[in-house]
Structure formats: C-alpha cells, structure tokens
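2 protein chains.
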Amino acid sequence: MNAIINDIEVIKTKSSKISEVDFSNLKFGNTFSDHMLVCDYKNGKWQAPKVVPYQPISLDPSAKIFHYGQSVFEGMKAYKDANENVWLFRPLDNFKRLNISSKRLAIPELPENYFMDGLKTLLQVDSNWIPKDEGSSLYIRPFVFASGNGFHASPADEYKFIIATAPSGAYFSGKVRVLIEQKYSRSANGGVGFAKAGGNYAGQFYPTQLAVEKGYQQVIWTDDNTHEYIEEAGAMNIFVRINDTLITGPTSDRILDGITRKSIIQLAESEGIPVEVRKLSVHEVVAAAKDGSLKEMFGAGTAAVISPIAGFGYKDEDYDLPELEDTYAAHLKKRITDIQTNKTDDPFGWRYEVKS
Amino acid sequence: MNAIINDIEVIKTKSSKISEVDFSNLKFGNTFSDHMLVCDYKNGKWQAPKVVPYQPISLDPSAKIFHYGQSVFEGMKAYKDANENVWLFRPLDNFKRLNISSKRLAIPELPENYFMDGLKTLLQVDSNWIPKDEGSSLYIRPFVFASGNGFHASPADEYKFIIATAPSGAYFSGKVRVLIEQKYSRSANGGVGFAKAGGNYAGQFYPTQLAVEKGYQQVIWTDDNTHEYIEEAGAMNIFVRINDTLITGPTSDRILDGITRKSIIQLAESEGIPVEVRKLSVHEVVAAAKDGSLKEMFGAGTAAVISPIAGFGYKDEDYDLPELEDTYAAHLKKRITDIQTNKTDDPFGWRYEVKS
Ligand SMILES: Cc1ncc(COP(=O)(O)O)c(C=O)c1O
Ligand SMILES: Cc1ncc(COP(=O)(O)O)c(C=O)c1O
Numbered sequence: 001m002n003a004i005i006n007d008i009e010v011i012k013t014k015s016s017k018i019s020e021v022d023f024s025n026l027k028f029g030n031t032f033s034d035h036m037l038v039c040d041y042k043n044g045k046w047q048a049p050k051v052v053p054y055q056p057i058s059l060d061p062s063a064k065i066f067h068y069g070q071s072v073f074e075g076m077k078a079y080k081d082a083n084e085n086v087w088l089f090r091p092l093d094n095f096k097r098l099n100i101s102s103k104r105l106a107i108p109e110l111p112e113n114y115f116m117d118g119l120k121t122l123l124q125v126d127s128n129w130i131p132k133d134e135g136s137s138l139y140i141r142p143f144v145f146a147s148g149n150g151f152h153a154s155p156a157d158e159y160k161f162i163i164a165t166a167p168s169g170a171y172f173s174g175k176v177r178v179l180i181e182q183k184y185s186r187s188a189n190g191g192v193g194f195a196k197a198g199g200n201y202a203g204q205f206y207p208t209q210l211a212v213e214k215g216y217q218q219v220i221w222t223d224d225n226t227h228e229y230i231e232e233a234g235a236m237n238i239f240v241r242i243n244d245t246l247i248t249g250p251t252s253d254r255i256l257d258g259i260t261r262k263s264i265i266q267l268a269e270s271e272g273i274p275v276e277v278r279k280l281s282v283h284e285v286v287a288a289a290k291d292g293s294l295k296e297m298f299g300a301g302t303a304a305v306i307s308p309i310a311g312f313g314y315k316d317e318d319y320d321l322p323e324l325e326d327t328y329a330a331h332l333k334k335r336i337t338d339i340q341t342n343k344t345d346d347p348f349g350w351r352y353e354v355k356s
Numbered sequence: 001m002n003a004i005i006n007d008i009e010v011i012k013t014k015s016s017k018i019s020e021v022d023f024s025n026l027k028f029g030n031t032f033s034d035h036m037l038v039c040d041y042k043n044g045k046w047q048a049p050k051v052v053p054y055q056p057i058s059l060d061p062s063a064k065i066f067h068y069g070q071s072v073f074e075g076m077k078a079y080k081d082a083n084e085n086v087w088l089f090r091p092l093d094n095f096k097r098l099n100i101s102s103k104r105l106a107i108p109e110l111p112e113n114y115f116m117d118g119l120k121t122l123l124q125v126d127s128n129w130i131p132k133d134e135g136s137s138l139y140i141r142p143f144v145f146a147s148g149n150g151f152h153a154s155p156a157d158e159y160k161f162i163i164a165t166a167p168s169g170a171y172f173s174g175k176v177r178v179l180i181e182q183k184y185s186r187s188a189n190g191g192v193g194f195a196k197a198g199g200n201y202a203g204q205f206y207p208t209q210l211a212v213e214k215g216y217q218q219v220i221w222t223d224d225n226t227h228e229y230i231e232e233a234g235a236m237n238i239f240v241r242i243n244d245t246l247i248t249g250p251t252s253d254r255i256l257d258g259i260t261r262k263s264i265i266q267l268a269e270s271e272g273i274p275v276e277v278r279k280l281s282v283h284e285v286v287a288a289a290k291d292g293s294l295k296e297m298f299g300a301g302t303a304a305v306i307s308p309i310a311g312f313g314y315k316d317e318d319y320d321l322p323e324l325e326d327t328y329a330a331h332l333k334k335r336i337t338d339i340q341t342n343k344t345d346d347p348f349g350w351r352y353e354v355k356s
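First to last, the sequence lines map onto chains X and S.
Per the numbering used here: the first sequence = residues 1 to 356.
Per the numbering used here: the second sequence = residues 1 to 356.
Derived by calculation from the structure, the hints in this document are not laboratory data.
Straight-line distance between alpha carbons at most 20 Å, and here's what the computed SDA-like set of lysine to any residue pairs gives: (1) X:Lys12 x X:Ser356; (2) X:Lys42 x S:Pro56; (3) X:Lys214 x S:Lys103; (4) X:Lys103 x S:Val212; (5) X:Lys183 x S:Phe194; (6) S:Lys103 x X:Glu213; (7) X:Lys103 x S:Lys183; (8) S:Lys183 x X:Asn225; (9) S:Lys17 x X:Asn149; (10) S:Lys295 x S:Pro322; (11) X:Lys50 x S:Asp60; (12) X:Lys183 x S:Asn225; (13) S:Lys42 x X:Asn30; (14) S:Lys183 x X:Ser252; (15) S:Lys183 x X:Asp253; (16) S:Lys42 x X:Pro56; (17) X:Lys183 x S:Ile100; (18) S:Lys183 x X:Ile100; (19) X:Lys27 x S:Asn149.
Each pair of labels, with its calculated beta carbon distance range: (20) X:Asp346 x S:Glu158: 41 to 51 Å; (21) X:Pro274 x S:Thr226: 27 to 37 Å; (22) X:Pro111 x S:Thr226: 38 to 48 Å; (23) S:Asp316 x X:Glu109: 22 to 32 Å; (24) X:Phe172 x S:Ser270: 51 to 61 Å.
In this text the structure is predicted, and so the values were computed from the model without any measurement.
Ideal Cβ positions, reconstructed from N, Cα and C, are used throughout, including at glycine.
Throw the hints in and build the complete structure from the sequences for me.
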C-alpha cells in the first residue's frame, strides 16, 4: 500500500474508520482521521517525514516528554469550500511559530518543507475527513515532543514531530463567562508564555477548574506581578470594545502571538474600526463596565475563532456585558470565516489552497 | 511468574539485564532496572498498582501528555549499607510533595499506600540493582502523567503513575560555575514553580544552553519581576555562606520546597551554624564576593546532594569563590550522606528502612 506523494512516503491504512463517524454531530478534537504524519529527529537531524496510519506511539518510560515537559504544538484548521477545494489559513505563520516555540524549548527547529509538504500530503490522503458543514472544520494538530531517554534534566537527543487531525465542531457552545484572575498566573517575564509549550496549558487547568466551580468557563490571565493588566485567555487572545474602539494588549514574552488576533486587528483596521494595541488594565475595563462604555469582550483563537464573552467576574463582583444587535464579534467572525472558507475574496492573501 | 508481595501483584521479567551493567562505572539516570511500578487512573479512581518488567509505554498520539505538559515527578534515592540493608531518605516527604504538585497540575492525588507499598515492593523485587559503592545509589523516579486522549485543552480523564529506577553515579562531576540569570525566568508568581511539574524543566533548557555556551554549567534563577533575588538552580536549592552565616531564600509559590534544603537547614542549626532563611539579593552576594565575606555557595538537591559552586557570572563579570579548607558544603554533605547510608545515627528520624 506504499506510495510516494509530494516526495513523501505514504503508508495507507488497510481499514478506514470514516464510516463510523457522524459528521453532522462532531465534538471538538476527539475523533481522529485515518492517518498522521510522523517525522523523527535522531542522529542530529530530522529524518524524512512519512504519512502512516494513525496509531499508538511507543516510548521508553524514561522518555523526556514524561519528565520534563519538552513539547510544543500548533493548532490549525482545514476547510472545504462548496467546490470541495481545501483551504488552510496562514499556515506558514503556524510553521514559523512552531519553530519559535521549539527554539525556546531547546527543541531542534523543523525544515519548512517537512512541515508544509508533510501537511499537504496528509490532507490529500485524508481529504475525505475534512468536514463541509458550516461551523465544522478539520482541526490540525502539529506537535513536537522529546522522545529521547534519560532521567538527566537536560534536552533530549531524539524528538518526534507528528501531525494528527480531527474533524471537529465548535470549541465552545455559546457565549462564555470569564473570571479575571487575581491569584494564579499563566506565565513569567522571561518565561515561555509566548511559546505554544505544553507546560503552559497544564498550569492553567487547576485555576480554570476553580473558576468553573464558581460558574465561569474561562480564566482571563493577568500579569503575574501586579494582576492589573489583561493578558490573554487559555487558548485565545482577548479583545475589548470600549465605545467604538477595539483594544487588545500588546504581545510580549508572556503572551502568545495569535494568528487570529493579528488577522482581527488587520481586518478591523481595514474596515475603519479604531483599533488600539496597548496595555489594558483591569481597572479600565471595570470602569468601562460600570459607566456603560464597555460594549463587547471576545476571545480570538484558531479553535474557537471568535468567542463572545457574556460577562466577567473580578474580585467577587460580576459584570454583565450588554446584548448588542450589531457586534464587532459577529461581524469580524463572519469576515474571517468567510475568508477561511473561500466564500469571499481574500484581500490579505491569507488563504492557502491545498491542491490535490 | 506472578506473585503477590505486600498486597501488590508482581510480574517478574523473564530475562534480567543486570549482568550487562558495569556497577563500578555508572552515569546518572541512563541505566534502568528490571522492573517498574505501574498504576492507572481510570473511571475516576486509581487502580491497584502492579510491578511489571520495565517496558515501553504505548499511547495514543492525542494523549494529553504530548500536548499539554500535564505531568509531575519526584526524585529520590535508595542506599544499601554495609549489611545490605536498604534505606530511603524521608520518602513520605516525596509522596506528599508529589500530591502537592499533582493538585496544582489538576492531576488526581495518589493514595499513600499505593505510593509507599508500591515503592517498597519495587525495591524488594529489584534490590540487586541498588549500588553499594560510595557515591552511587539507586535513583528513583516516581512520575504521573496524563495518558487520556483528546485535543481539548482541559485535564485528562486518565493518568499513569509509574516508578522507574536507575542505578546511578554522581550527577555533576566536580565543582560547577553558575550564571546568575538576568533575562530568562523559571517561574511566575501564582504559577507552578513550587510544583515538580515537567514544564518547569523544559523551560530551563534553552537559557541553560546559553549559559553553557558562555562556560557555565548551571543557571541561578532570580525572580521574574526584578531579577534581584536569588531563587534556585535547575534542580537544586541554593545556599550562600557569608562570613559564617548560611543563608538561603525562603520557599514560595515560585520555588520548590527541597527536601535536601530543609534537611541542611536543620542539620546546620543543630550544629550551631547560624542559618538565615530570608530574601537574598544578588546585590548582597556580589558585594560579599567583592569584600571577601562570601565564603561558599552550593546547591542542594537529591540528585546532586550538595554541589559546591566554584564561581558565578553576573552581568558579564565573573566572581570566584575562595578555596577553603573546611567548608560547610563538605561537612554537611558528609553528615547528610552518612545519615542516608546508615553510617551514623539518625537523630532526626529521616531514614526509612525497606525491609525485605
Ligand atoms: C495561549 C494562547 N493564546 C492565544 C491563542 C490563539 O492563537 P491563534 O489565533 O494563532 O490560534 C492560542 C491558541 O492557539 C493559545 O494557545
Ligand atoms: C527545581 C528544583 N529545586 C530544588 C530541588 C531539590 O529538591 P530535593 O532536595 O527535594 O531533591 C529539585 C530537585 O528535586 C528541583 O527540581
């Protein structure tokens, strides 16, 4: 069953699982496509990637991923348009960010062609797995982790780069309520917050559980030093609309440079929406909520696209956002998803076609 | 080959690897004993642990350990005395700390008997693997990681707790030179620095590589906000001797509460050495280095025990420590290892015998 596609070896599964999948009822990220891309780093270099059947990974108990959290990942989506053409959104930005993350985690950087050709080949092989329904897409998870062995706390000598995909529905259902965190933090100055490093996520689970127990769905992280400035959410950057101005914090070494965030900024600016990228204090947001100038808050990220926020908690007080008719969130979400799914033209050159 | 020891099921290996091991020439943590303890969390509870042959672990590519760094670990040592009796050092403190770490990482806490009886049984089964030579010991690595599946950034529903062991020699050979970090950081206020979470270690690799390129072996972390206060090293807490006073920083949510550290404090106090647990600024250490009152610096941790520091770099200047005849480091190291290896009495009740 071996083939070579785009110079990449492809070993196809003998039994597809696709007939078991209910594409009209997809959850997020828990149904996996038939194949995955695998690429090993050993003897000082990345070896040629292969497409193989989706299958378990076998590791020594001393593999460093289990002990030292040496891993990075990306999140992307593939969309199918009405003509069955397949599209990615700014994939080179994900590739570059993966390498930025890898560098900070002392993981060897990947060659661009292994990532891009590997991804294209995988999508060609599993193109049947890309959902067509509105609101659904093929969630793509490239990740790199330390597979080399040993209990010495130092970088591994072997790594695995894998791309796995999951046909997925929405990440959140409906609006979310968020808690502006005043005790726990996501990242340190000089730390790894700007990297999509595995450990950044595990550290958020417990504070998020505490927030969920209080009736919120997400935590809004603030700076670890003063807790006065709004940083980002678990897997989304944060936008606030005060009067008609859209405000988002600047990126830094504590904050992920989100691709959705920067696309939203560009889209909004191109439509004449006033956008400010500047430090945003909790104080300002609370004051705006109190005087009625706070019109909207929303998260922006690949998984959730744009996720409107219904209200927030801060120091034991709850603040509700107004129910507006025409929101920036809804408008910008439509703009960006229309571009992503090839329903409109693409003035910024963000779309990337995966030709078969 | 199945047996029940201490209520724990034991499946012995059919072919021991012990004859391949050169016990007089052990490195740190890269030779693994014949067996391991495995315990699975599923259906909402920890299942009974088992001792099984050391063997690869098979995981779905979506297992959360690969993506979200949800893992914690411990580091302990077992020693064999002249009469072949087997000793641990304060093992309950490791157990408690593992659960403290787990809680912060949203990992279900382990029952004490699974940890302690599992550990004892494993050491009984692999007692031949515990080195007898001075300076060698059986390094013990308990760890817990998210084995449950899915790309949703939320805690896993399944975990594995494993104890693996490795007969080991010294962690460092000789004195180390350290760099007092002024740019990168290890942990945030309100973060996971006090937990032995995998992600804390991966984040240190790159800054440590940069330090190594400059001729240092280790980084001394400072607080992420001002970089003015000395926190700890990669896997060691830090002590400084100014004149005759031993000083170490207080623990906090950014710093691991080291078992070696607290033992050293108690030992030193019991011998009348003046000990101060207080914030220690880089400024004070540099001033003491300049005026000659800085006598010693050393790291303290299970793997390295006590690791004397020969000198440090700070803002492009290098500072050498004096070569003293009688050091606190050497004296305290002998005191603690004599207690650990049952060469002397144990006034604090730290030793714990593993009876066979
Ligand atoms: C911490 C964090 N912030 C923000 C984002 C949004 O980034 P992007 O828009 O590139 O998906 C993500 C998810 O990718 C994230 O994990
Ligand atoms: C970050 C860190 N600090 C300090 C220590 C020392 O702790 P202990 O003495 O309990 O081994 C360790 C190693 O265990 C560590 O990983």
